[in-house]
Structures are given as structure tokens and as C-alpha cells.
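*Asks:* Residue numbers (my numbering), protein chains in the order written: chain A, 1 to 303; chain B, 1001 to 1402.
Source of the hints: derived by calculation from the structure; they are not laboratory data.
Glycine included, C-beta positions come from ideal geometry on N, C-alpha and C.
Check each hint, because a few of them may be wrong.
[Claimed, not checked] Below, computed lysine-lysine pairings styled on BS3-like, alpha-carbon distance capped at 25 angstroms:
1) B/K1088 with B/K1122
2) A/K133 with B/K1088
3) B/K1088 with A/K91
4) B/K1075 with B/K1088
5) A/K89 with B/K1075
6) B/K1088 with B/K1051
[Claimed, not checked] Reference listing, derived: stretches of chain B covered by chain A, where coverage requires no fewer than 3 residues with Cβ under 8 angstroms from a Cβ of chain A:
7) 1014-1021
8) 1201-1213
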Amino acid sequence: MGDGRLEIDRISKRFGDVIALKETTFDVRAGELFGFVGSNGAGKTTTMRIALGVLAADAGEVRYDGTPINLETRRHIGYMPEERGLYPKMKVAEQLVYLARLHGLGTAAARRSMEDWTERLGVAARRDDEVQKLSLGNQQRVQLAAALVHNPTILVLDEPFSGLDPIAVEVMSKVLLDKANDGIPVVFSSHQLELVERLCHRVGIIRNGQMVAVGTVDDLRAGGTVEMVVDAPGAPKGWADGLAGVTVRAHEGNRTILELGDGADDQEILRAALATGPVTEFSRRRPSLTELYRNVVSQGDEA
Amino acid sequence: MTEQPNVRLGSWSAVSLVAGREVNTRLRSKAFLITTAATLVLLIGASLVFKLIGGGSDATVGFTEQNAALAQPFKAVASSIGQNVDTKTVPSEEAGRDQVADQSIDALVVGDGTNVRVVVKKDLDDNLRNAFNVLAGQVVLNQEITKLGGDPAQVNSAVANAKVDVEELEEPYPYDPQQLVLGIIAGILIYMSLLLNGQMVAQGVVEEKSSRVVELLLSTIRPWQLMAGKVLGIGLVGLIQMVVIGGVGVATALALDVLTISATAAVGTVVWLVVWYLLGFLMYSLVFAALGALVSRQEDVGGVISPALMFVIVGYVIGISVLPSDPDNTLVETLSIIPVFAPTMMPMRLAMGGVPVWEAVVSVGLVVALIPALVWLAGKIYANAVMRSGARVKLSDALRQV
């Protein structure tokens, strides 16, 4: 195939009686930033660990560029584990060079890459400090450098944004976008859904070990309902009742939230609103990823 | 951005990278430098002390002019009971008494030579007293022989030549006291080394677990490579320490003439020490690495490795308390061939000498045979347990999982 995709194909994993993953399937395309979201314990970390070979799957396969991943191809993955880990008493520079060399780089290349990444991530001044002496934010940057220092062709990052200050979030976002623009598949998990919505090309939502939605945020919206917000200060309660295909979802002060079903006509709604007096806001509301996520996850809970 | 190179990393490269990191960080660590320097200072200091107090005689005995003839027989008597005595003739009894008072001589023989009278400062050392008693008996005997018209010299030589004829079914090994001391030092060195470096392996495994760096490492190398690299790296550091301490110690002792055994025997001791350190370290550290992988916190290391550590301690304690006084002890002889005790006991016995070749060969052979089995077992436990953080992993769980 050779399309540079990272494919997670029907992976299953159980821990004793607990089913952690059940035929989890998604793919991350080359040059794509893929957001992997789900509640705690849904299976994000397990999926990533299996992709990295740190954990063995009971069934299923992880492929890169069409071929199953093995120890050699794994060395091309840049990995940031959920549980951050570096040798606390090792100096930043030595640590990064060591990790790069463990991924197969020569000494000179490892050193160059370490210099490059500490520079780009703003920790160049701390190269000769022990990791334990760094602030948490700087430790995070070093952790990211550890994932990038061997020039990976795949990036798998577990919660890379957790615990970062706003500036570090910007640095991290830029690096991830740059890497995706270089043409490599980048997948990261996060609970910061606004961030995922803003950055990611595609999103996958996992629930109880199964993927419940995969696609662009617009794709995910497509199946959902359309909502409108109407702000008509003079409108009496129930002004929108009786409009075809329209359900009133909520009143927020002067604003009325309407859900548009089949046969609803937004121009009809506008006319009805204007009939009550001035209208100061009339807009379609696009559900955010947060709302979509809430819907998807709660649907599952009801089922 | 540089282009991604072809990242082939052979097993050996992975293992040697891990081992290299261990050697690098540990050789530079303060703990290593301090323990090595302290041990060296102790050894050299001990050699110097031996040099100052040792060598020469156990006692110096003065004889007045009238008793000068007794000096030679006394020396002979003393040496027959294992006392190395210097004798000197003092110009007068007064001068002799002064020398006893200022302790430049331990005892002064006074009187007219017909009986043995001794002047000492406070009390007479038991060994010297025995020698003087025998001497007194001889003096009396000589007088009696003369009275009877015999020749004391003739009688004495006849007596001296008459001795019990012992038929030995097994020839005993003539243990050299110096080699016994060497054996004790070898025992202490190997015990300390196994104890410290073995624990270091377990702590190193847990350090990677508790700092979670193990997950990052295992995403690029296999568990057995990480374990092997750690064991080899720390083992190499211990080996360097052992060779430096053993080499400098023996060289100092030989140079100061504290050790008068042959250089070959001394070098043999160091070589055996190194061989047994390597065997013992490999054997124990594999076990320690596997056990260390079961826990996630440094506080739990002691508890989890203590059963294995007991073998090191028990072997050492039995060896060090029995061997110096009884190098032929059958229990120790038997235990020292069993692999779990051999690394602490065998080097002591080898340094003391008198170990039959077959015992040395069998004990080495058994440990060498055991190591591949331990590599397999420890590798399995380690691989199954090292990624499981949190509560202590049960040994049976670590063994059951594939």
C-alpha cells in the first residue's frame, strides 16, 4: 500500500475479566493530526501501548504503511507515555542522546538532534541539568523532546497537553502541526476537547473499548441535529410553538434555543420571531466537539 | 530536519548501550568513588599496621651473663611450641631489670644458671611461661644426668630424636596462616561486592519502574535486552572495583613484605576472586533483577530481595565464622560446592588453599550450568512484571503469564 498510514485494526485486549478493547479500529493518515478522545478508562492508553508494543494485543493488528508493525518499525515511532518517565538523576542532554541512540541513531546524529530539539522546545539552557531539577513544565518539554529526538516518522502521544501552561500549549500545538505538515501521521489523546477541535483534522471517540465515532468534526456534526438561537427580547413564551418541525429546547434569558427537525424552515422562524418585536440575534448553532462527545458518550450509557 | 536513517539496532548494540549508560552513570557516582577509595585506604592501612606490629619476633628475652648458656636451648624450646623468640645477653642484672621496666625486653632470666628465675614487668605471657617451664625441667634433668655420671648433651640428642611415628591415612594440608588471612579478606570483599552490586541491580530495575522511564525504553528495546544491559553494566562496574581493590591490595601487601607467600599464590587468589565474583554476581543479580521487577517503589526493594539475599549472607557468615579456625570443616566443604553458597564460600577456601581440584571444578561447573536456567527464568519474570506498576506483582502471576 505504502500510503504512510498508521492503522489500528480490530484490536482486542482483556485484563482478566475486564474487556479493555473490543475490536478497536481506526487509522491515522500521513500528514494528519488525529485526536483520540474518550473518558478515563475507555481504552486510549491501552490502544497506544499496544501500538508501541509495550503491551501485546489478544487479537488484531497494528500496521504502518501497509505492513504489520515490528520492533524495527516501532523505532520510528515517537512516543510520549501517559505516565511521564525519564531518569530523574540523568542530565537532559545525556538522557536525550541516550534515548536517540536506543532508537538507532549514531552518536553524532543523536547529539545534533538533541541540540536541535532542546533549542526548538526552549530547554537548551537546561541541557546540563538533571531532569529532577527542572520545573514540571520544562520536564514536559524534555519529555516531548524525548519523543521527537530520533526524528520519528509516526507520533503517538498520550495526553501531551495535560499539565501545560498556555504558552507551552502553543509550543506543543505548533510542533504537532509542523510534524503533521512534514507528512507523518500524528495521533494524540486529550481531554481538552476545544483544543482537539481546533487542532485536529480528524477525531476518534472511544467508549468502553470500542470506537463510537471517527471522522472530521464536521462529519460528526452531520448526523446530529441542527440548533438555532433566537434572541427576541419582546417575544412571549411559546412564540415558537406550532412552527412546523421546530422543538423548543430551552430558554436562556431572552434567548430561545430551537431544535430544527424535518420540514423546518428557518425563514419561517425568523418571520415568527420578527412578528413579536425586534430580533437581536438569529443564528445557527454548530454543536461543539464537547457537545457531540457528550451526546455520543451518553447515548452509549442509555443503551 | 534530517532524514530518518535506517534504524537497525542489533541486540548486542541495544544491550551495550544500556550497559554503557550504567557504567557511565555509576563510575561517576559519588557512592562508587567513595566506597572504592575507602576500601583501598582500609586495605593499605591494614597492610601498614601489619608491617609495623608484625614481622620479627613474638617476644624478646634477656639473659644475664651467668645464664647466657640457656639462651640457645630456650630458643629451641620456644620454637617447638610455635613461639618465635629473640634472645639477647644483658651486661648486668641491673641493666636487664631496667630494660624489663621500660619494656624493651619482655622477660629477663636471672640467677646462677642452676635453676630458672625470670623477672617480668607485670605477668608472664602464658606461652613464654610454658617455654620457661620446659626449660626449667631441662635444667633440672641435665643436673640429674650429670650427677648420675651421664652426658646431658648425649641424652638430650637421643631424646630429641625420639618422636612419635605418625602414619597419616590422609595427608593434611599445611594451611599457611597468611593464606587464612587472605581467605578472610577475600571472603569479605566478595561478600560486600555481591551484596552492594546485587542490590544495585534491584534498585536500578525499580528506579526505571518508579520513574516510569521503563515504558519509553521498552517501546524501542526488548525487556531481556534492558535487563541484560543493566546486569552486565553494573557487573562491569563491580568487576573494575574488584580488580582495582584486589590488585592494589595484593601489590601493597607484597611490596611491604607483609605477605610472604609467593606472588603466584597471591595472584591466584585475585584471579579466583574475580572468577567467583563474576559467577556469583551473574547468578545473584539475575535473581535480584527479576525480584526487583516485582515491586514499584524503592522502599519495597529490601523486602522483595531479602529471601535471595539471605543465601549470600548465610554463606558468608558460615564461611567467615568456621573457616579461619577450621579450614577443613566438612560442612563448609560440602556447602561450598552448592551453587547458592559457592560464590561466598569457595573463594575463601580457595584463598586459604588446600581445595581439591575436583571441588573447584565441580563448584564452578554447577554455577555455570545454572546460569542459563536463571537467564531464562529471570527474563520471563522480568518481562512479565516490569510493566506492571502499582502493587507488588505476585511471583506466581509473573511466572504464569506468557
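*Asks:* Which numbered hints does this structure break?
*Replies:* 2, 3 and 5
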